[in-house]
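J.: Chains as they are written, first to last, in my numbering: chain G, 1 to 498; chain P, 1001 to 1194.
Think of the hints as simulated: they come from the structure by calculation, not from any bench. Note that CB positions come from ideal geometry on N, CA and C, so glycine has one too. Hints should not be assumed to be uniformly reliable.
[Claimed, not checked] As a list, the in silico DSS-like pairs of lysine-lysine whose alpha-carbon atoms are at most 27 Å apart:
{"hint": "1", "chain 1": "P", "residue 1": "Lys-1185", "chain 2": "G", "residue 2": "Lys-162"}
{"hint": "2", "chain 1": "G", "residue 1": "Lys-70", "chain 2": "P", "residue 2": "Lys-1034"}
{"hint": "3", "chain 1": "G", "residue 1": "Lys-70", "chain 2": "P", "residue 2": "Lys-1170"}
{"hint": "4", "chain 1": "P", "residue 1": "Lys-1170", "chain 2": "P", "residue 2": "Lys-1185"}
{"hint": "5", "chain 1": "G", "residue 1": "Lys-70", "chain 2": "P", "residue 2": "Lys-1028"}
{"hint": "6", "chain 1": "G", "residue 1": "Lys-447", "chain 2": "P", "residue 2": "Lys-1170"}
[Said to hold, decoys possible] Pairwise CB distance ranges (calculated):
{"hint": "7", "chain 1": "P", "residue 1": "Asp-1184", "chain 2": "G", "residue 2": "Val-53", "range": "33 to 39 Å"}
{"hint": "8", "chain 1": "P", "residue 1": "Asp-1184", "chain 2": "G", "residue 2": "Arg-161", "range": "34 to 40 Å"}
{"hint": "9", "chain 1": "G", "residue 1": "Leu-101", "chain 2": "P", "residue 2": "Pro-1157", "range": "35 to 41 Å"}
{"hint": "10", "chain 1": "P", "residue 1": "Arg-1181", "chain 2": "G", "residue 2": "Thr-8", "range": "29 to 35 Å"}
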Amino acid sequence: MSSWKHPTIGSIEPLPRGMRPAKVWKHFYDQSQHWERLCGRDVASMRREAEAVVGIQRDHREALPLMDRKRWDRTRDLLGRHHDAAYAPAYQAEMASPDALWTRTQDAQHRHQVLTPNAVFAVVQVDGWNWVVTAFRPLPPIWGLDWDEVNIRRYAADYFRKETGMHGDNLVRITAENLQRASTAVPRSAQDTWWLASAVGYGRLLAHHSEVANALAAAETVLGEAPAEVVAELARALDWDGCLRHLADAMKDSRPEEAEAVLATAEELLVAASVVATETQTDAFCAEAEALIAWLPAEWSHLLDRAASRREALGSPDHPVYRLWSAVEDAATGAAMRELPPVTRPVARLADAMIAARPPWRRWRARVAQLAMGTSAAVVEWIRSSLDGIHVARPAPVMGAAGNPPGSWDVLGRPAPEAPCFKLFVVDEANPDGLEVTEHFDLAGDKLWRIDPGDEAALIILVASLKPIRDGDLESVLTEAGQRDDVFVGTRELSPPR
Amino acid sequence: MVPVLARRTWPGDVIEDALRDFLAKVIKVPLPPKIDDLRRYLGRAFRNHCIDVHEARSRRRETLVDAAAGGWEPPSEDGVSPATLVLEAERGRHLRAALQRLEIADRIVLKLDHAPELLDDDEVRWLADRAGMEPATIRQAVTSAEDVHDLTRVFDPEDDNPSDPQDRRKRMERFRRRRARARDKLRALLQEGE
């Protein structure tokens, strides 16, 4: 897979290998997202092929199930191929469009968002190198209704504006515009009614703004003229279950993008539902959503700001949207506080006894993270391949050795072909300031060092560049790396065999 | 590992069942190789297992909890990026600093609600002075509190009837408003520090 170069952000890698299966399964095979319209491939056949390997139907199962190692390997390979052949070329071509809308600045999580002309919403993590972390086509939370490209683009444009630029004034202006647009004709279908219900729902929340109040009156009149059957059809089609499934899956994810997306969708759902659905339904949804949101992890505490600004912008304490965002605020505050070191701990927790504390050499990872990294993709790839190749060698069985305590283990490795200039260091409990093992890292694949079974893990730091790096200890090598723009540093943690 | 919010809102047996099944799985099913950060991985796996159990209980989907015992979440092949670790460490520092700058009453409200084990000696003494009790009694009351209502009685020792539903509702509402104010102040301090 090749990267694509944005004129100001720089090279952007596709989804990392580890994230591809989940995103392909969730988004690319989602029939309502209609990726076949963008990639020109028979996505339905690809989905069926994947279902045969995974062992379940994709419909209503947006997350891959847990599976044994053998099945997982086959799944990862197949979905990875579908990513490379169809999904990635489609989202990369879309992102490369001159008409794609990019956020001008990174958000607090060091990310850019982009909306493409054909309604692909993608998020790019800017993190040493830049890489796509999600790419999907936003859709209203409705099931059983198929959306044409015009409506998909319309929804995606709103979604992008809300996700990237929403504060009080914008929200008022967008709501007034949506009210005017939705009131031009009496709705004749559930889709038309969606636009009107959504606009009226937001309008009621912001009716204290004169700009909105004027447009709201006209929209309420049109809503009153809508045939009861299309309003009822929309109420039936609101995808409460789908939204909760998506929320549960998102809370299980390792990154926050799916949670951000489903919370935005849940807000849309609650706003539209406040116009066409019953209070019982919204109450049941909120109770279930609160139970799931409680698990929000500490790493996502940035959602506190998002939730607070949405709650403040949409403000009515009696509205379910207020309840939704308050739950996020509570969970985000609680999650962040749980991570603080406890002051009193009467008895050791079982988890602490079972799982060792984070290793002291984390400072080196933090140090590496602060380096500016601008070098060729070839060097980056070389570092990844070389680090991947380093492994612990198990000693051959020895007669009569059964029951003896294990000694230390050899760690072996050789550089990937076409090596640039490099230096290799190991940081472990015995060498907290770093041990240089560059001279052993050669094509012979010799022993680099020995890892002790008692060690929690060791950190391997590989520094590579196009021009030679001066000799010195780890500190001075990283200092030099920080002053040059052709140096790239990769790290890997290695644990002794269990 | 279990958020206070989940302990408070989920039926106790769901968490207990989930923990028992999870420990059995840790013993029976070998963990995948190449896990970068075991603590983070197991934390996430346990959270995911709890959500699966909860979903299976609510019958919203036929989550294959039994089948799930056959496998583990694939560990992230790309690891947690160094920048993410730096960002998390920074966020932790900001939070600690912001909490220290909060007035003691605000700090106590937030800790009581989200992480009572974080109450330090000064804060316990503040609660003890307010209630006219010994600090050890306050610690005991915090440890033995069964729900938020019990914790609100530690913070707000007003003489109301804990078994009167209306009194309980009023007390909880008062505490929720107090907590929201404290949270807003904390967020303002966090934004100042950015």
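J.: None of the hints should be skipped; say for each whether it holds.
T.: Here is how each hint holds up against the structure:
1. P:Lys-1185 to G:Lys-162: At roughly 25 Å apart (the allowed maximum being 27 Å), Lys-162 of chain G and Lys-1185 of chain P satisfy the hint.
2. G:Lys-70 to P:Lys-1034: holds (16 Å)
3. G:Lys-70 to P:Lys-1170: This hinted pair is violated, its Cα atoms lying about 57 Å apart.
4. P:Lys-1170 to P:Lys-1185: Answer holds: Lys-1170 of chain P to Lys-1185 of chain P is near 23 Å, not above 27 Å.
5. G:Lys-70 to P:Lys-1028: With a Cα-Cα distance of about 18 Å, the restraint between Lys-70 of chain G and Lys-1028 of chain P holds, given a limit of 27 Å.
6. G:Lys-447 to P:Lys-1170: violated (69 Å)
7. P:Asp-1184 to G:Val-53: 33 to 39 Å: The hint (33 to 39 Å, Cβ to Cβ) is violated, given that Asp-1184 of chain P and Val-53 of chain G are roughly 50 Å apart.
8. P:Asp-1184 to G:Arg-161: 34 to 40 Å: The hinted range 34 to 40 Å is violated for Asp-1184 of chain P and Arg-161 of chain G, with Cβ atoms some 26 Å apart.
9. G:Leu-101 to P:Pro-1157: 35 to 41 Å: The hinted range 35 to 41 Å is violated for Leu-101 of chain G and Pro-1157 of chain P, with Cβ atoms some 56 Å apart.
10. P:Arg-1181 to G:Thr-8: 29 to 35 Å: Distance hint for Arg-1181 of chain P, Thr-8 of chain G is violated at roughly 42 Å.
Hint compliance for this structure: hints 3, 6, 7, 8, 9, 10 are not met, and every other hint is.
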